[in-house]
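**Q** Here are the chains, one letter per residue:
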Amino acid sequence: MIRALGWVLRRDLLLAFRRRGDVVNALVFFVIVVSLFPLGVGPEASQLRNMAPGVLWVAALLACMLSLARLFAPDHQDGTLEQMLLAGEPLVVLVAGKVISHWLMSGLPLVLMAPLLGLQFDLPGDALAVLCLSLLLGTPVLSLIGAVGAALTLGVRGSGVLVALLVLPLYVPVLIFGAGSVGAVAAGTGAEAHLLLLGGFLALSVVLAPWGCAAALRIAME
Amino acid sequence: MLEARHLECTRGERRLFTDLSFKLGRGQLLRVAGANGSGKTSLLRIMCGLLAPSAGELRWRGKPIRSEREEYSRNLVFIGHLNALKDDLTALENLQVAAALAGMSAEAKRMLAALERFGVDHCAELPAKVLSQGQRRRVALARLELSAAVPLWILDEPFSALDVAAVMELEGLLAAHLASGGMVVLTTHQEVQVVAHAVVRVDLDLHTAALLAA
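The listed protein sequences correspond, in order, to chains A and B.
Position in the first sequence counted from 1, then plus 3, gives you our numbering.
Position in the second sequence counted from 1, then plus 913, gives you our numbering.
Next up, chain A with everything else stripped away, as it sits in the complex:
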């Protein structure tokens, strides 16, 4: 089982490496969207500090959603998804491998890039640290929930819009507590409560999402 997970992970990372452009696209999108806001609303530092958590989190959310289209659709098209369903390994394990690699390719780069972008908004050091931590806890949730959405809309026409409709409402709690955690630090109330809740979301989605995703894939393949 662990071996199969390793192979799926290895395969997807290798594919991502061969198609680096796709990974870079999402990251560039993130950077550009975040960088446009200071230009749009003006350079007043206190205003930027206030809106920074929300802007960064919304941009991360959208960047993550952009890459969902590539999670299962290419495998569906070339028949490799079919073979995964017949692999003789629990589909949940293979799905977990794919979600982990999706997060490594789309979530982790955002986490690493966020402090740099936070500086543009004049965020203080402790807020930057919490921002990173909240993204570190939150982006895997985005990948996990997104995978269920991507699996449900597999092979459906206009699936991009449908994924957004399905997944964005479920992203809302993550967005609220993610952005809220950074805001809480700025307000001096401490971010523990927000971060604990994010950790709770992560634990819940780790337990539920792979099963939901595997079931959705079986339905989509019929």
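Careful, some of the hints might be misleading.
So, partial list: chain B residues that the calculated Cβ filter (under 10 Å) puts toward chain A [said to hold, decoys possible]:
| # | residue |
| --- | --- |
| 1 | Arg958 |
| 2 | Arg982 |
| 3 | Ser986 |
| 4 | Leu998 |
| 5 | Val1010 |
| 6 | Ala1015 |
| 7 | Ala1019 |
| 8 | Leu1091 |
| 9 | Ser1093 |
Listing some non-contacts, in silico: residues in chain B with all C-beta distances to chain A over 12 Å [stated by the list, open to error]:
| # | residue |
| --- | --- |
| 10 | Met914 |
| 11 | Gly950 |
| 12 | Ala1088 |
The set of hints was computed from the structure by calculation and includes no laboratory data.
All values derive from a computational prediction rather than experimental measurement.
All C-beta atoms in this analysis are idealised placements derived from N, C-alpha and C, irrespective of residue type, glycine included.
Got chain A sorted already, so can you dock chain B onto it with the hints?
**A** For chain B alone, kept in the frame of chain A given last:
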């Protein structure tokens, strides 16, 4: 070993076939023939457990296949009309991933031997996207060479895009698999028949003989 009981398949509003029953034992070949759209691929997907029949059931060693999905999956190889190759991986990497997911050793030497059997070992280090249709099909079929120990082979149009030499190679492989007690299910357009289930009902041993003679 594999037994179909009163299978029925409905896609959308259309009923493709109904009340289809057959038994497949060791060393037997089941050839599914039928016109385009008669449900050959659907039947094969039902036999793989990818698709639920709208009525009836399939039993493997006496147990319904959907009750022990993973166990059943380990006993079959499915090569569909899609080759299941990733364009950005090399032929060798594609084969390694397929072998590893099937729970087999992914040792490069074995993979190369399998590719050699189908005459595509010189393409091992090339990404699949630069291979021709026939070469891609050969790489996909090389999985069979690795799967001699897997009893049930389900092949959708395995002969498509192959040249004469590869067709003979594949026929040899199928014959060897059947001789060693394996089972093969395949669709092919040579000798097109009218309805899928009409041909399934035909004596399977005769079909084995017909294919081997051809």
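**Q** Please verify that hint: arginine 982 (chain B), Cβ, nearest Cβ of chain A, below 10 Å or not.
**A** holds, 9 Å
**Q** A closest beta-carbon separation below 10 Å is what the hint needs, so does arginine 958 (chain B) meet it against chain A?
**A** Arginine 958 (chain B) check passes; min Cβ-Cβ to chain A is 8 Å, inside 10 Å.
**Q** Would the hint on leucine 998 (chain B) be counted as holding, given a Cβ-Cβ threshold of 10 Å to chain A?
**A** holds, 7 Å
**Q** Run the C-beta distances from methionine 914 (chain B) to all of chain A and say if the shortest one exceeds 12 Å.
**A** It holds; methionine 914 (chain B) is separated from chain A by about 17 Å at its closest Cβ, greater than 12 Å.
**Q** Can we trust that alanine 1088 (chain B) is non-interface, i.e. its beta-carbon lies farther than 12 Å from all of chain A?
**A** holds, 24 Å
**Q** Can we confirm that no CB of chain A comes within 12 Å of the CB of glycine 950 (chain B)?
**A** Holds: least Cβ distance 18 Å, greater than 12 Å.
**Q** Would the stated hint for alanine 1019 (chain B) survive a check requiring a Cβ distance to chain A of less than 10 Å?
**A** holds, 8 Å
**Q** Classify the hint on serine 1093 (chain B) as holds or violated, based on whether any CB of chain A lies nearer than 10 Å to its CB.
**A** violated, 20 Å
**Q** Does the closest beta carbon of chain A sit nearer than 10 Å to the beta carbon of leucine 1091 (chain B)?
**A** At 21 Å from the nearest chain A Cβ, leucine 1091 (chain B) fails the 10 Å test, so the hint is violated.
**Q** Report holds or violated for the interface hint on serine 986 (chain B), using the least CB-CB distance to chain A and a cut-off of 10 Å.
**A** holds, 4 Å
**Q** If you take the shortest Cβ to Cβ gap from valine 1010 (chain B) to chain A, is it below 10 Å?
**A** Holds, because the Cβ-Cβ distance from valine 1010 (chain B) to chain A comes to roughly 5 Å (cut-off 10 Å).
**Q** Have a go at the alanine 1015 (chain B) hint: is there a Cβ in chain A nearer than 10 Å to its own Cβ?
**A** holds, 6 Å
Hint violations for this structure: numbers 8 and 9, all remaining hints satisfied.
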